[in-house]
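Participant: So the chains spell out like this:
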Amino acid sequence: MQKRKPRQHRQTAAAPKTPAPTIALRKSCNPDGVGLSHYVLMDRKKAK
Amino acid sequence: MTVAALTPVDIGHARYAALADPGTAFWALVDREQVAATLAGGPLLDAYREKAADFARELRALRFDLKPSAVYVNPTERCNLDCSYCYLPGTMRRDGGHMPEGRLLAALDKLRGYFATVMPAGRRPRIIFHGAEPLMNRDAVFASIDAFGDDFVFGLQTNGTLLDRSAIEFLTARGVSIGLSLDGPEAAITDLTRHTWSGRSVHARVLAAMDALRGYDAWSVIATCTTENLAHLPRMVELFHAHEVPTCMLNTVRCTLPGARGVKPADPDMARAFLAALDRSHALYQETGRKLVVANFANILIAILAPTARRLMCDISPCGGGRAFFALAADGGLYPCSEFIGLPRFRAGSLFESDVEAALDSEGFRLVTGRDVDTFAPCRDCAIRHFCGAPCPAEAHEMNGGMNHTGAFCGFYKEQVRYAFRLIADGIAGDYLWVGWDKGTETVFDHALR
Numbered sequence: 001m002q003k004r005k006p007r008q009h010r011q012t013a014a015a016p017k018t019p020a021p022t023i024a025l026r027k028s029c030n031p032d033g034v035g036l037s038h039y040v041l042m043d044r045k046k047a048k
Numbered sequence: 001m002t003v004a005a006l007t008p009v010d011i012g013h014a015r016y017a018a019l020a021d022p023g024t025a026f027w028a029l030v031d032r033e034q035v036a037a038t039l040a041g042g043p044l045l046d047a048y049r050e051k052a053a054d055f056a057r058e059l060r061a062l063r064f065d066l067k068p069s070a071v072y073v074n075p076t077e078r079c080n081l082d083c084s085y086c087y088l089p090g091t092m093r094r095d096g097g098h099m100p101e102g103r104l105l106a107a108l109d110k111l112r113g114y115f116a117t118v119m120p121a122g123r124r125p126r127i128i129f130h131g132a133e134p135l136m137n138r139d140a141v142f143a144s145i146d147a148f149g150d151d152f153v154f155g156l157q158t159n160g161t162l163l164d165r166s167a168i169e170f171l172t173a174r175g176v177s178i179g180l181s182l183d184g185p186e187a188a189i190t191d192l193t194r195h196t197w198s199g200r201s202v203h204a205r206v207l208a209a210m211d212a213l214r215g216y217d218a219w220s221v222i223a224t225c226t227t228e229n230l231a232h233l234p235r236m237v238e239l240f241h242a243h244e245v246p247t248c249m250l251n252t253v254r255c256t257l258p259g260a261r262g263v264k265p266a267d268p269d270m271a272r273a274f275l276a277a278l279d280r281s282h283a284l285y286q287e288t289g290r291k292l293v294v295a296n297f298a299n300i301l302i303a304i305l306a307p308t309a310r311r312l313m314c315d316i317s318p319c320g321g322g323r324a325f326f327a328l329a330a331d332g333g334l335y336p337c338s339e340f341i342g343l344p345r346f347r348a349g350s351l352f353e354s355d356v357e358a359a360l361d362s363e364g365f366r367l368v369t370g371r372d373v374d375t376f377a378p379c380r381d382c383a384i385r386h387f388c389g390a391p392c393p394a395e396a397h398e399m400n401g402g403m404n405h406t407g408a409f410c411g412f413y414k415e416q417v418r419y420a421f422r423l424i425a426d427g428i429a430g431d432y433l434w435v436g437w438d439k440g441t442e443t444v445f446d447h448a449l450r
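From first to last, the protein sequence lines stand for chains A and B.
For the first sequence, our numbering puts the final residue at 48, and the numbers step up evenly by one.
For the second sequence, our numbering puts the final residue at 450, and the numbers step up evenly by one.
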């Protein structure tokens, strides 16, 4: 079986850590979502 | 010309309110005291107006221009369990048939041909074996995975009871994404909704499968949230985290068939329990440095931060059914989504007697792909409708009276969006997302004014 090591590091937050009076953020990519409430594909990188 | 129209949304945060433009899915968090001043004009509005047309085009492309890239394949009608809320009819699950191996291979061959006409170069379509219980037709499923391993990316959603050592070795060696289901932190809770036809518990067998999958990259567990387990969701999160489940889903029960509606939680109860479970997942992350991502909530966050990066296609309107993916039933029938397999009106002929293009243009598919929250109340007046999508069309049609109605959990979705905005306001949204969730994305708007 292909094993992974448990991830112990913390991820950079999606929004700035320091609150500001105005926050607005948007990211964009080519859409390829196909999951639904009965299933979420967890090998996204391999689908490319 | 796109008219930028921001609507205030109370997110229940001490400092921030949201401004959202449903026409573009653009949002901003502003000081509650500055809402009126911000709406009157200034740098934020100026910057947004420059981008609004691009954002509107992007949202429209996501909502209306996708081609299918996945099929949910039911290789059998049968299931060894009789879960109280299943969206497939009991007679089908108990007495139904398998798709013969040769026919399954022929189906994938035909699907390969279809996808060759619509998929961009360099991307493989996905086949997800789904249920009923796909491992009841294990030989045919495994033969298909071996025969088409170069053509598709495979996934398998299973109740876990037939996932023995040899099955796990086969699937993990081939990188198949595996989803399990478990509804309780202990057998007494799981058994209330998930059990065999004779009422026997399967809780321990699913835990054994979870133990066997520990350390594998690509697996997840779904807990279906009902009145029976709602009070135990934080303990569910603790169980999943202790078993090193990388991703879980805490899904509301789908109320498509009447049997599910008897265990449907009320929206406020669902929201309270779900947010408590999210809080617990975050506390565990802070304690251990290891995440348990709750995928259905992560998807709401991603819908806000990067609309096109969604992984799940339920929480968007039209949903992904019949356009991002479709379903193939064991008898060859084509449906917009597995959720519709018990509803003959949505059957769009047989894959073996027709073709995919004809199914996509069928009345049943168009009923689903034509469901647009911009066109019916109360969604058309809701500022967050494109972070939510009013799922699910099957529920709306069967439970609420038609496609132009909300799904089963409108209030719950609003609370999720408000909670997601609070996390963004507090700068901790990333704690609830997969590591590297935004890899491959481009930041197209980043505005933090002091």
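Quick caveat, the hints were computed from the structure, so don't treat them as lab data.
Glycine included, each C-beta is placed from N, C-alpha and C at the ideal position.
Any given hint might turn out to be false.
[As the list claims (entries may be wrong)] Below, computed lysine-lysine pairings styled on DSS-like, alpha-carbon distance capped at 25 Å:
| hint | chain 1 | residue 1 | chain 2 | residue 2 |
| --- | --- | --- | --- | --- |
| 1 | B | K414 | B | K67 |
| 2 | A | K27 | B | K67 |
| 3 | B | K110 | B | K439 |
| 4 | A | K27 | B | K110 |
| 5 | B | K51 | B | K110 |
| 6 | B | K414 | A | K27 |
| 7 | B | K439 | A | K27 |
[What the hints assert, rightly or not] To give an idea of the chain B side of the interface with chain A (calculated C-beta under 7 Å), a few residues:
| hint | residue |
| --- | --- |
| 8 | A28 |
| 9 | E33 |
| 10 | V35 |
| 11 | L39 |
| 12 | D211 |
| 13 | S220 |
| 14 | H241 |
| 15 | H243 |
| 16 | V245 |
| 17 | A309 |
| 18 | R311 |
| 19 | D361 |
| 20 | C410 |
| 21 | H447 |
Participant: Does each hint fit the structure? Answer for all of them.
Facilitator: Now for the hints, and whether the structure bears them out:
no.: 1; hint: B:K414 x B:K67; verdict: violated, 29 Å
no.: 2; hint: A:K27 x B:K67; verdict: holds, 22 Å
no.: 3; hint: B:K110 x B:K439; verdict: violated, 33 Å
no.: 4; hint: A:K27 x B:K110; verdict: violated, 36 Å
no.: 5; hint: B:K51 x B:K110; verdict: violated, 42 Å
no.: 6; hint: B:K414 x A:K27; verdict: holds, 22 Å
no.: 7; hint: B:K439 x A:K27; verdict: holds, 10 Å
no.: 8; hint: A28; verdict: holds, 4 Å
no.: 9; hint: E33; verdict: violated, 9 Å
no.: 10; hint: V35; verdict: violated, 11 Å
no.: 11; hint: L39; verdict: violated, 12 Å
no.: 12; hint: D211; verdict: violated, 12 Å
no.: 13; hint: S220; verdict: holds, 5 Å
no.: 14; hint: H241; verdict: violated, 11 Å
no.: 15; hint: H243; verdict: violated, 12 Å
no.: 16; hint: V245; verdict: violated, 11 Å
no.: 17; hint: A309; verdict: holds, 5 Å
no.: 18; hint: R311; verdict: holds, 5 Å
no.: 19; hint: D361; verdict: violated, 20 Å
no.: 20; hint: C410; verdict: violated, 15 Å
no.: 21; hint: H447; verdict: holds, 4 Å
When the structure is compared with the earlier hints, violations turn up for hints 1, 3, 4, 5, 9, 10, 11, 12, 14, 15, 16, 19 and 20 and for no others.
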